[in-house]
Amino acid sequence: MDKKVTLKLDHVSKSFAKVESDEVTHALDDVSVTMESGEFISLVGPSGCGKSTILRLVAGLITPTLGAVTVDGKEVDGPSPDRGVVFQKPTLFPWLTVEKNIGFSLEMQGKLKGNEDKVQRMIDVIGLQKFKDDYPGQLSGGMAQRVALVRTLINEPEILLLDEPLGALDAFTRMRMQDEILSIWREKKQLALMVTHDVDEAIYMGTRVLVMDANPGRIVADIKIDEPFPRDRSSDEFIKYRVDILNRLHFGGKHH
Amino acid sequence: MPENKSMTETAEKKQLDKLTRQQLRDLEAKQMTPLQKAMELVILVLPWACFGVALLEYLLIPNNSRNRNPWNYVYVLCFAIFVYNCYGIFAGIKRHKGEKKYYEKLRHSAPLISALFLFFALYDYLTLKTGILTQPFVPCMNFIINAFLLDYKMLIDCTLNTLKLLFLGYTIGVSLGLVTGITCGYSKRVRYWINPIIKFLGPIPTSTWIPVIMVIATSLFGGAVFIIALGSWFAVTVASMNGIANVDKDYLEAARTLGASNRQLVFRVAIPHAMPSILTGCTQAMSSSCVSLMIAEMLGVKSGLGWYMTWQTGWASYDKMFAALFVICFIFTVVTKTIERIKRYLLRWQNGVEK
Chain A
246 MDKKVTLKLD
256 HVSKSFAKVE
266 SDEVTHALDD
276 VSVTMESGEF
286 ISLVGPSGCG
296 KSTILRLVAG
306 LITPTLGAVT
316 VDGKEVDGPS
326 PDRGVVFQKP
336 TLFPWLTVEK
346 NIGFSLEMQG
356 KLKGNEDKVQ
366 RMIDVIGLQK
376 FKDDYPGQLS
386 GGMAQRVALV
396 RTLINEPEIL
406 LLDEPLGALD
416 AFTRMRMQDE
426 ILSIWREKKQ
436 LALMVTHDVD
446 EAIYMGTRVL
456 VMDANPGRIV
466 ADIKIDEPFP
476 RDRSSDEFIK
486 YRVDILNRLH
496 FGGKHH
Chain B
226 MPENKSMTET
236 AEKKQLDKLT
246 RQQLRDLEAK
256 QMTPLQKAME
266 LVILVLPWAC
276 FGVALLEYLL
286 IPNNSRNRNP
296 WNYVYVLCFA
306 IFVYNCYGIF
316 AGIKRHKGEK
326 KYYEKLRHSA
336 PLISALFLFF
346 ALYDYLTLKT
356 GILTQPFVPC
366 MNFIINAFLL
376 DYKMLIDCTL
386 NTLKLLFLGY
396 TIGVSLGLVT
406 GITCGYSKRV
416 RYWINPIIKF
426 LGPIPTSTWI
436 PVIMVIATSL
446 FGGAVFIIAL
456 GSWFAVTVAS
466 MNGIANVDKD
476 YLEAARTLGA
486 SNRQLVFRVA
496 IPHAMPSILT
506 GCTQAMSSSC
516 VSLMIAEMLG
526 VKSGLGWYMT
536 WQTGWASYDK
546 MFAALFVICF
556 IFTVVTKTIE
566 RIKRYLLRWQ
576 NGVEK
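For the record, the sequence lines run as chains A and B.
Just so you know, we're using this note's numbering here: the first sequence kicks off at 246 and counts up by one.
Just so you know, we're using this note's numbering here: the second sequence kicks off at 226 and counts up by one.
Keep in mind the hints are simulated off the structure, nothing from the lab.
Some clues are possibly wrong.
As the list claims (entries may be wrong) - Capping the alpha-carbon separation at 30 Å, the derived lysine-lysine pairs in DSS-like fashion look like this:
#1 A:K377 / B:K474
#2 B:K474 / A:K358
#3 B:K326 / B:K262
Stated by the list, open to error - Non-contacting residues of chain A with respect to chain B, defined by C-beta distances greater than 12 Å in every case (computed):
#4 M420
#5 K433
#6 E446
#7 I468
#8 D477
#9 F483
#10 R493
Said to hold, decoys possible - Short, incomplete list of chain A residues facing chain B, as computed with Cβ under 10 Å:
#11 A304
#12 L306
#13 P324
#14 D327
#15 R328
#16 T336
#17 L337
#18 P339
#19 W340
#20 L341
#21 L351
#22 M353
#23 P381
#24 T397
#25 L406
All C-beta atoms, glycine included, are put in the ideal place defined by N, C-alpha and C.
Please build the complete structure, drawing on both the sequences and the hints.
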């Protein structure tokens, strides 16, 4: 990555109004954290802890109730292709072919002309040359999520936001795609921010794991994972990290 | 030898790679028993047998009432079986060359064609031969054909007028409906103003307007266009409004993170996503247009097939009335089928892989 960026959440709180009642829920309570290019940050925690809320704030899909989200000192206002998001559902546009889906973002920005080779390169990256004229309805879950990934990556975003992107995949596809995402990230060294339910996935992929808890949503631990890639899921260090994180989430069993 | 075996296996694999859909179906199909094969042949010649029944029924049984130009009906029957034969030969040649599509179509429609010939025979028996269905109120097929041949110039003229009215009203209604529907679906402010109009005028059947139009409108043609347009406007507006309002939020969010502007969100995401609903609205608009069209022509407009039917009924020319009825059936079938085709083409992304 040629350009280094710093992403900062500065005393961010976010509350949502409940539907059909006057109460509000506090999804995030006074969260402050700083992240930089080259980091792969895993957000892990139980549902309702506000991890997806952080991601959506950074994406610019929602605005903070209090505090500010800034990229290099500039406040985030609205979504931008510089902060690419991969959602849990592939959300490929079913009326566009695989090729058109991948080129969608460039086309929206009026940059498709002259960049057709970029689209082809992305299709090659995920090895779906044979399927480029197919519609998303004909793809398997793993293929669709790969297309969604490169559809975002084609913009070469400085911040890559991954909202449980592998959550809906089977265990084997999931492990294969963890490695694929890692190799893409290690090549470009963007700032990657991934939400996950899976503690193993968080440790396997992250350079830093932010452990979160609910009621109110907050970060309870910021753990640096000091292990070289590729990581061994059964190594002693790996297991130590896992026990540590599970303890902090109160799932530690007898270690607690 | 094991080596040899693996070589043939890879050869088979290679063949599988290049498999077409037809070959795949042939490969997986069960072998037909001789009995099934014989049945297949019987079904294919069945239309001929039924044609024979219809022909003999007409020629051999004495008439109950007078018949004019008796050979026209025979010509039509012969023409029908001639067309069937031509298609059969064409399908046979194609099948010989390995393309089974046409043959399967033929096999599919053969029983229906047979039934049609039998229906002709039965109808002729009930009308011309026995008079169980009283002549001339329910004219026999030969009379209807005669009427058609006698008055075809007028019928063509009326058909063109009907189509003109239909398409003018439909196009105006659908285009306006798309505009209001899409803006209402997207903009809450526009919906605030348009919704009461839809709620108020929507439930009224369009034919209710005919007396009003006959009083107000300067030309009945313009009035009829208005009524047809109103019906289709309503159908398309409601359908596209609902379609746009129900667009999956996930798609809009994804598009926003990919850099789509508000305008692009409407035209590149919301409208394509609402397309199935919009097209359903267009189909409904067509059927409502056909209803309003016929009512308008029968009550006021002085041209078109609906007018022709009422006019001929007034002169007790029931044969001509039936001839016009057949033309109307034919036109509406073609129009509906065309819309269905367009719909299938636009929504081709909805088709998954064949299971």
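Structure-based check of each hint:
The suggested pairing of K377 of chain A with K474 of chain B holds, with an alpha-carbon distance near 26 Å, which does not exceed 30 Å. For a cut-off of 30 Å, the pair hint linking K474 of chain B to K358 of chain A stands: about 29 Å separates their Cα positions. Proximity of K326 of chain B to K262 of chain B is assessed by CA-CA distance (about 18 Å); at most 30 Å being required, the pair is judged to hold. The Cβ of M420 of chain A lies farther than 12 Å from every Cβ of chain B, with a closest approach of about 25 Å, so its non-interface assignment holds.
With 12 Å as the threshold on Cβ separation, the claim that K433 of chain A sits away from chain B holds: the shortest Cβ distance comes to roughly 18 Å. Separation of E446 of chain A from chain B is adequate, the least Cβ-Cβ distance of about 22 Å exceeding the 12 Å criterion. Annotated as non-interface, I468 of chain A keeps its C-beta farther than 12 Å from every C-beta of chain B; the closest such distance is 28 Å. At roughly 34 Å from the closest C-beta of chain B, the C-beta of D477 of chain A stays outside 12 Å, upholding its exclusion from the interface.
Once the 12 Å rule is applied to beta carbons, F483 of chain A is consistent with being away from chain B; the minimum gap is 33 Å. In this structure R493 of chain A is separated from chain B by more than 12 Å, as the shortest Cβ-Cβ distance comes to about 31 Å. Restraint check, A304 of chain A versus chain B: the minimum CB separation of about 6 Å is within 10 Å; hint holds. Hint on L306 of chain A holds. Least Cβ distance to chain B is approximately 6 Å, under the 10 Å limit.
Proximity of P324 of chain A to chain B holds as hinted, the smallest CB-CB distance being about 4 Å (cut-off 10 Å). Taken as an interface hint, D327 of chain A checks out: its beta carbon lies about 9 Å from the nearest beta carbon of chain B, inside 10 Å. Because the smallest distance between the Cβ of R328 of chain A and any Cβ of chain B comes to about 7 Å, under 10 Å, the interface hint for this residue holds. The interface hint given for T336 of chain A holds, since its Cβ lies 4 Å from the closest Cβ of chain B, which is under the 10 Å cut-off.
For L337 of chain A, the suggested interface contact is upheld, since its CB lies about 8 Å from the closest CB of chain B, less than 10 Å. Given hint, P339 of chain A at the interface with chain B, holds; its Cβ is 6 Å from that chain's nearest Cβ, closer than 10 Å. Annotation: interface hint on W340 of chain A holds; nearest CB of chain B at approximately 4 Å, less than 10 Å. The closest approach between the C-beta of L341 of chain A and any C-beta of chain B is roughly 8 Å, which is under the 10 Å cut-off, so the hint is satisfied.
Interface hint status for L351 of chain A: upheld, as the beta-carbon distance to the closest one in chain B is roughly 9 Å, under 10 Å. Evaluation of the M353 of chain A hint against chain B yields a held restraint, the C-beta minimum of about 5 Å falling below 10 Å. Interface hint status for P381 of chain A: upheld, as the beta-carbon distance to the closest one in chain B is roughly 8 Å, under 10 Å. The closest approach between the C-beta of T397 of chain A and any C-beta of chain B is roughly 7 Å, which is under the 10 Å cut-off, so the hint is satisfied.
Interface restraint check for L406 of chain A: the shortest CB-CB distance to chain B comes to about 8 Å, inside 10 Å, so the restraint holds.
In this structure, every one of the numbered hints holds.
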